[in-house]
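Engineer: Chain by chain, the residues:
There are 2 protein chains.
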Amino acid sequence: LIDDRSPIGVFDSGVGGLTVLRALRAALPERRFIYLGDTARLPYGTKSPESVARYSLQCAEALVARGIGCLVVACNTASASALGALRSRYAQIPVIGVIEPGAAAALAASRSGHVAVIGTEGTIGGGAYQRALLRLEPKVRVTSQACSLFVAMAEEGWVDGPIAEAVARRYLDPIFSAADTLDGAPYGGPYGDPDTLVLGCTHFPVLARAIRAVLPAGVTIVDSAASVAAVVAREAAMSSAAATPIGVAVPGSLRARGHVQWLATDGAQRFARVSAVFLGAALHADEIEIIDL
Amino acid sequence: LIDDRSPIGVFDSGVGGLTVLRALRAALPERRFIYLGDTARLPYGTKSPESVARYSLQCAEALVARGIGCLVVACNTASASALGALRSRYAQIPVIGVIEPGAAAALAASRSGHVAVIGTEGTIGGGAYQRALLRLEPKVRVTSQACSLFVAMAEEGWVDGPIAEAVARRYLDPIFSAADTLDGAPYGGPYGDPDTLVLGCTHFPVLARAIRAVLPAGVTIVDSAASVAAVVAREAAMSSAAATPIGVAVPGSLRARGHVQWLATDGAQRFARVSAVFLGAALHADEIEIIDL
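These protein sequences, in sequence, are chains Z and X. Oh and the first sequence: position 115 is 115 in our numbering, straight run, nothing missing. Basically our numbering = 1-based index in the second sequence + 293.
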């Protein structure tokens with residue numbers, strides 16, 4: 001159950017998780033959030049699973065100490081490497097990662113049973129999406145591709161235009177090469193091209209337009225940020241129903257609707273600047289508290 | 294003085310410093326080296342100067358504990374943020390960074406007195422090259438540009454071809470826009486376009502071909518890896534002359550000519566794979582010792 005008076009804690013290695021936060025705020029506009037970007041140690045995607053798990057536990061500890069009622073692991077690498085450890089240590093609150101919701105949304109979207117997943121080297125190399133998809137649907141076929149340059153492009157703000165599309169084409173053409181279009185082609189068998197693409201990195205939703213531009217028509221893009229927000233919103237709704245509040249109204253001013261407390265482990269200036277691409281709104285460096293983990 | 298029986302220690306946040314190591318091995322084929330990539334905490338380029346200085350001192354400590362006779366800071370960000378602290382703490386050995394040699398080489402190459410510098414956000418934002426150039430030549434004009442995507446491209450091995458050139462053009466055209474060619478144009482004044490480009494990040498030398506392809510003819514590329522190797526070789530030669538060895542020949546087998554001991558703080562597999570782009574030769578993961586800092 002998600003205590004609806006406590007803020008929801010969200011962490012990522014940096015700014016990528018802001019796409020998840022943005023989706024969460026849209027789905028749950030009444031809630032307060034605490035966002036932690038572990039910018040001193042980004043990126044997680046190239047680090048070993050052991051290091052990522054250790055860092056994740058430290059991030060979670062900082063958020064739990066600030067009284068969160070739910071933890072969202074808004075980082076695919078951390079979700080892949082640390083979700084089990086986080087759920088064991090913080091059994092008192094819901095801990096939600098980005099991989100399971102994305103995998104479930106992909107299976108719901110796919111008609112052919114062939115799903116493509118793109119992410120960082122760490123996420124793809126670790127095989128977490130592949131395992132999550134197979135666990136939910138043993139007959140699914142999965143094609144995966146690490147797209148390391150997408151992270152740097154997103155942070156540089158080069159999110160569309162010829163360079164973004166050329167990079168997207170270089171990564172994605174080999175996956176979707178056989179199909180110019182899915183609509184007219186004989187399609188739907190387990191050996192056809194994938195008809196669903198999971199954006200398995202929280203940075204990637206900001207590149208969705210460039211990615212869309214190079215995909216065959218008819219491929220569904222699954223944004224794991226939107227998928228995780230939907231899961232959290234569903235859990236929150238169930239919790240509210242279960243809690244059956246008996247007239248103890250919390251004043252609006254105290255609830256501070258939609259308020260976000262910003263935490264980072266390094267580089268407030270850069271965090272504020274780069275976050276604009278991900279949040280779609282400017283953030284000031286002095287709104288960000290720098291903490292040591 | 295550089296003790297010529299001790300290995301030369303070289304560190305970087307990751308694999309970029311391998312361009313410096315490669316230049317050092319070419320300049321000093323008799324020497325042994327210890328290379329440390331602080332891969333658990335890469336990249337330094339987006340981190341605060343305080344964090345970079347702290348990490349650099351830890352890297353240096355690990356190398357000094359292994360008996361190095363000279364420390365090469367093969368990372369522009371670390372050279373910018375930590376050289377003073379390293380020289381204070383390890384006054385007993387020469388500590389050589391990449392910024393001063395690159396700046397000196399750029400001034401020697403430039404006829405116009407206008408030098409362009411490219412690097413990571415941290416290096417360019419910190420202004421270290423700008424300061425080093427002005428300290429050596431107060432009348433120099435400096436234009437600088439952060440090229441964040443170059444690091445990811447180098448590590449992905451996308452070092453030439455249309456995407457590398459398109460990215461290089463997007464970063465460099467604004468700097469060199471006015472000059473189609475330097476040869477025929479009225480050139481040489483302090484207000485002309487730069488005639489020298491410093492590759493102020495150890496990753497960038499592997500992209501030299503793509504960078505060259507988009508530069509106006511006549512621009513000199515200064516590779517700071519080659520510049521630092523030249524400085525170390527000169528210091529080593531002076532040290533050997535000063536030491537005047539009196540017949541104590543060290544057997545070749547013991548000197549282990551050109552041997553490199555490899556250290557990293559995380560991810561031996563990835564280090565080995567990506568290093569091939571930088572070293573021009575394959576490295577095996579089991580040759581790399583993982584250490585904790």
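Source of the hints: derived by calculation from the structure; they are not laboratory data. This one's a predicted model, so the numbers in the text were calculated from it and none came from an experiment. Hints are not guaranteed to be accurate.
To give an idea of the chain Z side of the interface with chain X (calculated C-beta under 10 Å), a few residues [to be verified]:
{"hint": "1", "residue": "144"}
{"hint": "2", "residue": "173"}
{"hint": "3", "residue": "176"}
Chain Z residues, not near chain X, derived (Cβ > 10 Å throughout) [stated by the list, open to error]:
{"hint": "4", "residue": "32"}
{"hint": "5", "residue": "40"}
{"hint": "6", "residue": "67"}
{"hint": "7", "residue": "137"}
{"hint": "8", "residue": "149"}
{"hint": "9", "residue": "151"}
{"hint": "10", "residue": "152"}
{"hint": "11", "residue": "153"}
{"hint": "12", "residue": "166"}
{"hint": "13", "residue": "213"}
{"hint": "14", "residue": "239"}
{"hint": "15", "residue": "240"}
{"hint": "16", "residue": "267"}
{"hint": "17", "residue": "285"}
{"hint": "18", "residue": "289"}
The C-beta atom is built at its ideal place from N, Cα and C for all residues, glycine as well.
Engineer: Does residue 144/Z meet its interface restraint, that is, does its C-beta lie within less than 10 Å of any C-beta in chain X?
Structural biologist: Since chain X brings no Cβ nearer than about 16 Å to residue 144/Z, farther than 10 Å, the hint is violated.
Engineer: Just checking, residue 166/Z versus chain X, shortest CB gap more than 10 Å?
Structural biologist: violated, 5 Å
Engineer: Does residue 67/Z clear chain X by more than 10 Å, comparing its Cβ with all Cβ atoms of that chain?
Structural biologist: holds, 28 Å
Engineer: Looking at residue 137/Z again, its CB stays over 10 Å from all of chain X?
Structural biologist: Given a closest Cβ separation of 30 Å, the condition holds.
Engineer: Are all C-beta atoms of chain X more than 10 Å from that of residue 32/Z?
Structural biologist: holds, 28 Å
Engineer: So residue 40/Z supposedly isn't at the interface. Is its beta-carbon more than 10 Å from every beta-carbon in chain X?
Structural biologist: Label violated. Min Cβ-Cβ 6 Å, cutoff 10 Å.
Engineer: Non-interface claim for residue 289/Z: all C-beta distances to chain X beyond 10 Å?
Structural biologist: holds, 14 Å
Engineer: Against chain X, does residue 285/Z hold up as non-interface, every C-beta pair farther apart than 10 Å?
Structural biologist: holds, 12 Å
Engineer: The output says residue 152/Z does not contact chain X. Does that hold with a beta carbon cutoff of 10 Å?
Structural biologist: It is violated; residue 152/Z is separated from chain X by about 4 Å at its closest Cβ, not greater than 10 Å.
Engineer: Grab the minimum C-beta distance from residue 173/Z to chain X and call the hint holds if it beats 10 Å, violated otherwise.
Structural biologist: Violated: closest Cβ of chain X sits about 13 Å from residue 173/Z, beyond 10 Å.
Engineer: Evaluate the condition: distance from the CB of residue 151/Z to the nearest CB of chain X exceeds 10 Å.
Structural biologist: violated, 7 Å
Engineer: Please check whether the beta-carbon of residue 213/Z is more than 10 Å away from every beta-carbon in chain X.
Structural biologist: holds, 15 Å
In summary, the structure is inconsistent with hints 1, 2, 3, 5, 8, 9, 10, 11, 12, 16 from the numbered list given earlier, while agreeing with the others.
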